[in-house]
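As given, the protein sequences belong to chains L and F, one line each in that order.
For the first sequence, the working numbering begins at 74 and goes up steadily by one.
For the second sequence, the working numbering begins at 74 and goes up steadily by one.
FYI, nobody ran anything at the bench for these hints, they're computed from the structure.
Since the model is a prediction, treat every value here as computed from it, not as a measurement.
Each residue gets a CB set at the ideal place from its N, CA and C atoms; glycine is no exception.
Where hints are given, some of them may not hold.
Said to hold, decoys possible - For lysine to aspartate or glutamate, the following DMTMM-like pairs were computed, each having C-alpha atoms within a straight-line distance of at most 25 Å:
| hint | chain 1 | residue 1 | chain 2 | residue 2 |
| --- | --- | --- | --- | --- |
| 1 | L | K488 | F | D164 |
| 2 | L | K488 | F | E485 |
| 3 | F | K223 | F | E192 |
Unchecked claim - FRET-style restraints, in silico, Cβ to Cβ:
| hint | chain 1 | residue 1 | chain 2 | residue 2 | range |
| --- | --- | --- | --- | --- | --- |
| 4 | L | H200 | F | S119 | 32 to 42 Å |
| 5 | F | K176 | L | S455 | 32 to 42 Å |
| 6 | F | E329 | L | K326 | 47 to 57 Å |
| 7 | F | P131 | L | E323 | 38 to 48 Å |
| 8 | L | E323 | F | P296 | 50 to 60 Å |
Number of protein chains: 2
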Amino acid sequence: MKINRRNFLKKASLGAAGSPFLLNSHGNVEEKETGITYSQLDEILSRPVLKKELFSTPVMIEQVSLLRYGDSILCKVVSRDGAEGICVSNDLYMTSLYPIFVKRVQPFFIGKDAVQLEEIMRDVYLHNYKLQGLALWLPVATVELAMLGKIADKSMGELIGDIHQPSIPLYLANNNRGRSAEESIARIQEHVGEWPFKALKFKVAGRMHEGEFPTGRSERLIPLVRETFGDEMTLYTDANGGYSGVEAIEIGKLMEEYNYGYFEEPVPFDWYEETKQVADTLEIPVAGGEQEPSLHNFRWLIKNNALQVVQPDQFYFGGMIPSVKVARMADAAGIQCTPHMSGPGLGYLYMMHFVSILPNAALFHEFKGFNQRFEMECPTSSLTIDENGAIKVPTGPGLGVIIDPDFIEMHEIVKA
Amino acid sequence: MKINRRNFLKKASLGAAGSPFLLNSHGNVEEKETGITYSQLDEILSRPVLKKELFSTPVMIEQVSLLRYGDSILCKVVSRDGAEGICVSNDLYMTSLYPIFVKRVQPFFIGKDAVQLEEIMRDVYLHNYKLQGLALWLPVATVELAMLGKIADKSMGELIGDIHQPSIPLYLANNNRGRSAEESIARIQEHVGEWPFKALKFKVAGRMHEGEFPTGRSERLIPLVRETFGDEMTLYTDANGGYSGVEAIEIGKLMEEYNYGYFEEPVPFDWYEETKQVADTLEIPVAGGEQEPSLHNFRWLIKNNALQVVQPDQFYFGGMIPSVKVARMADAAGIQCTPHMSGPGLGYLYMMHFVSILPNAALFHEFKGFNQRFEMECPTSSLTIDENGAIKVPTGPGLGVIIDPDFIEMHEIVKA
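Pulled out of the complex, with its shape left as it was, chain L reads as follows:
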C-alpha cells in the first residue's frame, strides 16, 4: 500500500494566526493531513479486537503465575479446562517490573473469563492509569500474550485478525553507535553477514540528545551505507530522539538524497509538535511510536499525519490488542504499521504474529536475532530466513511453538 501523506495538503502560516502546536523557529511549512476525522478514528477504536465469536463457552482462568529462573521471566495462564498459555516476557524490563505485575495486574485476571480479555484490560487501566507507560504496559502485555497463547486452538494472529501475511519480510536492525562511520560500516557488514536481507536499519545521532560521537558520524554514514549496500537495499535510520526539529530536517534531507525508506524517531518521542513539523517538512516518511504510552496520543499522531509509519511495540504498549487498535487507525488514515521489536528471546515471534494480520504492513519488519536462550520446537515453520529475507509465520495454536518443558520447569513463582 502507498503512503498517502501527499493527498491532503494545506497551507498554514506560522505567524500570529498559526497552530499552537508547531515549532516557532522554522518559518512557513505545509501542514499535511490524512483526511481522516476523529469521529472515524473513534468508531475504529470502539470495535473489539479479540474475536469472541470463536468461543462458544467461557474460558475461565484458574491460574496466572509469573515465573522466574535467573533473569528469565515467563507468565503461565491455566484455564479451568487445563488449557495453558505461556508468554516469554521481556526480561530486560520485567526484572524491574515484577511487583507491578504481581500486585497490580495479575489479580484482575484470576477467576475471570478469558473471552472478556478486553474488558479486563480496560479495568486494569482504570485502576492503574497513573502508571500509564511502559512500566504498566509491559506487565499487562505479559499476561495478555500468555492469554492469547494456547488457550484456544487458533494462532495468535487468528484470534485477533485475518491473516494478510503468511510470511514476514525482515530488516536487520543494527545498534552500532559511538564509532567512526568507517568502523560502523565494517560492523554493519559483519552483522548482515551471509543473511539475504533486502532491508537494513542503522542508528544515527546520539540517543535522546546525548550528543553524537564521533561528531559528524551520521552525515558520513548515510551516503556510505548506500554506497556499500547498493541501490537495491531498502535503508532505514533510527535517531532515537537524538535531534532537534531543525537538525532533523537537515539530516532528513540527506536521507532523501540517498533514497532512504524512513527516518525513525527524529526528535524525542514526547516532542509531538516537532515530530509533526519534521514530517510536514520532509518528503521521507517519519516513523515512531515505540515509546508512545497513550492510545489517545496515537490517535492524534495518526489523524494529523505526524507519523507516516507507526511502530507500536507489543510489549511496551500493553500487548496485541492495543497494538491492533493503533494499526487499524493507521490503516484508515493510509499510514503504514510495523512493530518496534523488543523482547529478547521470543520477541521476533510476537512481532511476526502481529504483522501477519496487518493489511497496512510496512514493506519490512524489525529483526534483531533468533532466540538462543532455550530449546523449542515449531512444527509449522522452520523459523529460518529464506532467500528473500523473509520468515514463515507459525500456524499452530497460540504462538505456534512448543517450549522445552524442562526449561519452563526450572522457573519458580515470583512473589513481590
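Chain F: place on chain L using the hints.
Just chain F now, with coordinates in the frame of chain L:
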C-alpha cells in the same frame, strides 16, 4: 498574582485552516495564548535549580539505601562526612516500584557528588527514558528528596529557591464519590469538621470516564456545596479526567455560575488538545499536570495556556527540581502553580517546602491530613493549622523535622 489568560486572545476558525490540535466537534472557539515564546521557556529550563553556590566543597555520597518496614518505605542517603538525608517515600506506589529504584536509579548516585544532583538526574533519565512516567519519577523523587534532606544545613526550600511563603494556606481535598449529592455533602461537612479551612476541593464526574454514580450527582453537588459552605469559601472541583471535552464545557459553565476557583482535570490527563479547548472555551481556570510525565509537554501546556493552574506532584514528577522547572515556566507565562499532593505520611511537608519558594503560588494548597504513622519532632513549626487555615513551614535543615530514630531503625534494606 493574577492569571493573565485573557491578555492574549486570538481568533482561530476550526474549519479547514484550523489548528490540528483542537477538537473537531465544537465549532469556533477563541484560542487563548500566554504570549510567552518557546525560546523564553527554553532559557528558563536551562537555568539550574539546586543552588550550587551554597556548597564550597563536594558532598560525596557514600550510601544510598532503600529501607522497608511493612509497607513503610524510606530512602536514606549518607555522605562521606556523615550527613544524613531521609525521604519518607510514597508507599502506595513504592511497594510496586522498589526494583526500579534498586536496579535502575540507586546505582547512579552512589559515589557521586550530591552538588551535581541535577546532572546525575539527567543521567538517570538518559538511561531510563523508555520508562518515563510515574514508575520512573517516583523512585527518582525518593532519592532526590532524601538528598535535599539534611545533607546541607539549609531547609529544602532554601536549597532550591527563595522563600516567598513562610506559611501555606491550605485547602481540604475531599475524595468522596459514589454517593448522592446529599450524602456527599454530609461527608464533606464531616471531613471539614472544626478545621478553619477557607478553601475546599471535591470530586465530580466518574474517574477516567468510568461513568458517574449516581447519575447527575455533580450537577446537584456544585450548587449544593456553594450553598452549604457560603460565598466566602473558595471552591475547587476535580473530575479526575471524567468528562469528554463537550461535557466538561457544560459542567464548567455551572461551576462558573457558582463562582468556583478552578476545575481540575476536566478530561483525561493525556487529552492535550481537548484540555486546551476546554480552557479556551471556559472562563473558569483549568488545573492539571498531576500525571504529566514529560517536561516537554508541560512546556507545551504552559506556552499554549492549556492550563491556568499547573499541579506537578513532587513524587509523581521526579522530585523538587523538575517541579521547580515547571513552576518557573508557569510563572513566566503568568500561570499559577500548586502541587498535587501525594505521599501519605509526609506528603504535606514536601508540598509545603515546594510551595514556600513559589512566586506564583495559587491561593490555597492541597491538604489531605497529617502524618499519623510515626512520631516526629519539629522545632520550628507546631505543624498545626492556624485560625486562617494555614500552616507554618519548618525552617530547620532539610525537611525540618526529626523522625523517631526507633521508627527508622525498624526498617530493613530492600533488595530486588
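Right, here's what the structure says about each hint:
In summary, the hint linking K488/L to D164/F is supported, as the alpha carbons are separated by about 18 Å, within the 25 Å threshold. In summary, the hint linking K488/L to E485/F is supported, as the alpha carbons are separated by about 18 Å, within the 25 Å threshold. At roughly 20 Å between alpha-carbon atoms, K223/F and E192/F fall within 25 Å of each other, so this suggested pair holds. Look at H200/L against S119/F: about 39 Å separates their beta carbons, and that is inside 32 to 42 Å.
Roughly 37 Å separates the CB atoms of K176/F and S455/L, a value that falls within the hinted 32 to 42 Å. Remark: the range hint 47 to 57 Å for E329/F to K326/L is upheld by a beta-carbon distance near 50 Å. The hinted range of 38 to 48 Å is satisfied by P131/F and E323/L, whose Cβ atoms lie roughly 40 Å apart. Against the hinted window of 50 to 60 Å, the Cβ-Cβ separation of E323/L and P296/F comes to about 58 Å, which satisfies the hint.
When the structure is compared with the earlier hints, no violation turns up for any of them.
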